[in-house]
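With the hints as extra help, turn the sequences into a complete structure.
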Amino acid sequence: MIIYGLMKYIEKIPVRYDAIMNFLTLGYHSRSRKILLKQIKPGKKVLDIGCGTGEFAIQAASLGADVVCLDTSPEMLRVFKEKLMDPGCIDNEAVAKIKIIECGSASIDSVLKGKTFDLIYASLMLGELSEIVRKKTIQAAAILLKDDGFMIICDEFWPETPLKSLVYHFLFWIFFIPNFILTRTLIQPVKNFSEHIESANLTVYRKIDLLMGAMTIYWLKRKKEAFL
Amino acid sequence: MNVKEIIEYIRDTIISIRCVIIKYNPIRYPVGLIECGHPSLDSPVFVSCNYYQTVVRLKHCLKNIDCRILVVDSAGINVWCAAGVGDFNEHKIADAIFATGLFDQALLNHKKLILPQLSAVGIDLKKLKEITGFTGIWGPADLEDIPRFISNEFKTDSNMRTVRFSVKDRFFNAIGMFNVFLIFPFIFTIFKKKKQAHHLFLINFFNIFITFLLYPFLPFKYGSFKSIFAGFLSFLFRNFIKSVTKKNRNKNLSQISEKGITIGFDLFWSGLITFLIAIDMLGSTPFFKTTIMNWFKTGNDESIFQPEITSSCIGCGRCEQVCPKNMFRMSKDKTKKRVALLNNQNSCCECMACVKQCPVYAIKNRNNLVYKEDIKSIPDLEAILNGTKNRLE
Chain R
480 MIIYGLMKYI EKIPVRYDAI MNFLTLGYHS RSRKILLKQI KPGKKVLDIG
530 CGTGEFAIQA ASLGADVVCL DTSPEMLRVF KEKLMDPGCI DNEAVAKIKI
580 IECGSASIDS VLKGKTFDLI YASLMLGELS EIVRKKTIQA AAILLKDDGF
630 MIICDEFWPE TPLKSLVYHF LFWIFFIPNF ILTRTLIQPV KNFSEHIESA
680 NLTVYRKIDL LMGAMTIYWL KRKKEAFL
Chain U
209 MNVKEIIEYI RDTIISIRCV IIKYNPIRYP VGLIECGHPS LDSPVFVSCN
259 YYQTVVRLKH CLKNIDCRIL VVDSAGINVW CAAGVGDFNE HKIADAIFAT
309 GLFDQALLNH KKLILPQLSA VGIDLKKLKE ITGFTGIWGP ADLEDIPRFI
359 SNEFKTDSNM RTVRFSVKDR FFNAIGMFNV FLIFPFIFTI FKKKKQAHHL
409 FLINFFNIFI TFLLYPFLPF KYGSFKSIFA GFLSFLFRNF IKSVTKKNRN
459 KNLSQISEKG ITIGFDLFWS GLITFLIAID MLGSTPFFKT TIMNWFKTGN
509 DESIFQPEIT SSCIGCGRCE QVCPKNMFRM SKDKTKKRVA LLNNQNSCCE
559 CMACVKQCPV YAIKNRNNLV YKEDIKSIPD LEAILNGTKN RLE
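Here the protein sequences come in this chain order: R and U.
What the first sequence shows, in my numbering, is residues 480 to 707, in sequence order.
What the second sequence shows, in my numbering, is residues 209 to 601, in sequence order.
Hints are computed from structural coordinates only; laboratory data are not their basis.
Please note that a few of the clues may not be correct.
[Claimed, not checked] Residues on chain R that point at chain U, a partial pick, calculated with CB under 7 Å:
1. S552
2. A585
3. I611
4. V612
Think of the CB as a built atom: it goes at the ideal place given N, C-alpha and C, for glycine as much as any other residue.
Spelled out as structure tokens, the structure:
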């Protein structure tokens, strides 16, 4: 019965997803989004990996960017498509700028072959992936990035210094139960991130820590080719 | 066996035990490619979800066969549930194929995957082919049938396709459920009511283990009534044990109430736990799947969704291939067009695999638009069932 009740709750989650995420991150979910939205300029080509219910994509399209959205969850995309139908949510001009593709994050380089983007966003999705899928996702996204484009990743990263890591372990296990009860899945913070961006030939351009490092926004840029 | 293999074996065993004990908190096996034996370029590739215990069982089952296992991210959930809610779909498989390098490397001569049959409700084979170029064939429902499936030239028969829910599976299920219901004695323990906690522990134990282990031998057709009967049995059984172990044997059933455990307390908790198990049996996919309201109204567990084959059937046989209840058979009359026919009436468990896999949307619901609605992996389910969506291959 306990599980039954939980399942019933989670079934309705796509609609409340943003609200729950905001609650779990003490409001930093929307704050990080504001920081991300500052990057959007009209005419820019944006790729939103793991768009979920499309909250970010809708705001970006309203600012004039061409947005390609990807997600694997048909349920999330259904809520997204319902939002696009609702004139109260978004105007027609912006709807035309959004393109939704149902596809996995590691297959983007073969699905979107030949396309390039000014900005690639991956917000709170890397942690849900298995390690090798995450590595492949970063590599595939790097291929789709324009030479002067940015990849912006907003996620929870496992701290690399030992003391922080210890504190983090402690907090992680305290929050484990409420987190598990609310989401029924275990979102693991991203590990070995620097290794992965190295393998994708990217370098960190800028970094912002939110909530004492519990959430981090990375600006990644393609490494300059060495002169031959 | 070298040291590495021994360490892996010990780790797998420990985590498997942990998976059985705390069933509802899944542990994920890392996505990747596992090599069994000495696979060659022509060896088959078996696709698995990443629920840890499933992968361990699959590895054990395939240890003498030269093949590869492609572990796909299903959020640590078992194949059937993950496929139904859309956590195990063609995109997840494509991701695993790209991430493991199965796609670009010269690892394989063929582009064929063997998918678990129970994942049919979530996987669109056509899309999988479009994205990756791999074709999928359905394996058996139970992974222990895989050696038989291989010796049968990679073809399933009706026996392999049927979900059985064997004693072993029922036992694992009972342990998992028993541990969830431990929450009640645990709460009483916190409030230092030892006797009540001990009592509730016994109620849980008898109810759940009688229901699951003796499932085929209990009277009544439906799981919910079987569990209520089991609850009644365990009530008598427990009181019998109590009256035997009591020093003063003269007391009869109505007098055995100790301090804190009145007959009212006993009846209430036995009833509540029996009722909760009965409700749980309503959602158990191996048998039937119905809503609580429907159970109250009609008194049976039969799924509200029951397939009906419309005239648009082209006789491709895909529904027969994926049905875990052996509901379909193909017509053998050569003078007429080949079509699917219904085998058993009312044994559907509403997994919707047939609806998902039918290329012409020929399967409708006999009960019109009423069903449990817990399958999320078919985006236009309502349109398919009310006939507004038609597709021709």
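Evaluation of the provided hints:
1. S552: OK, holds: R/S552 within 7 Å of chain U, min 6 Å.
2. A585: Interface hint status for R/A585: holds (4 Å vs cutoff 7 Å).
3. I611: 5 Å, holds
4. V612: The hint holds - R/V612 has a Cβ within 7 Å of chain U, the shortest such distance being about 5 Å.
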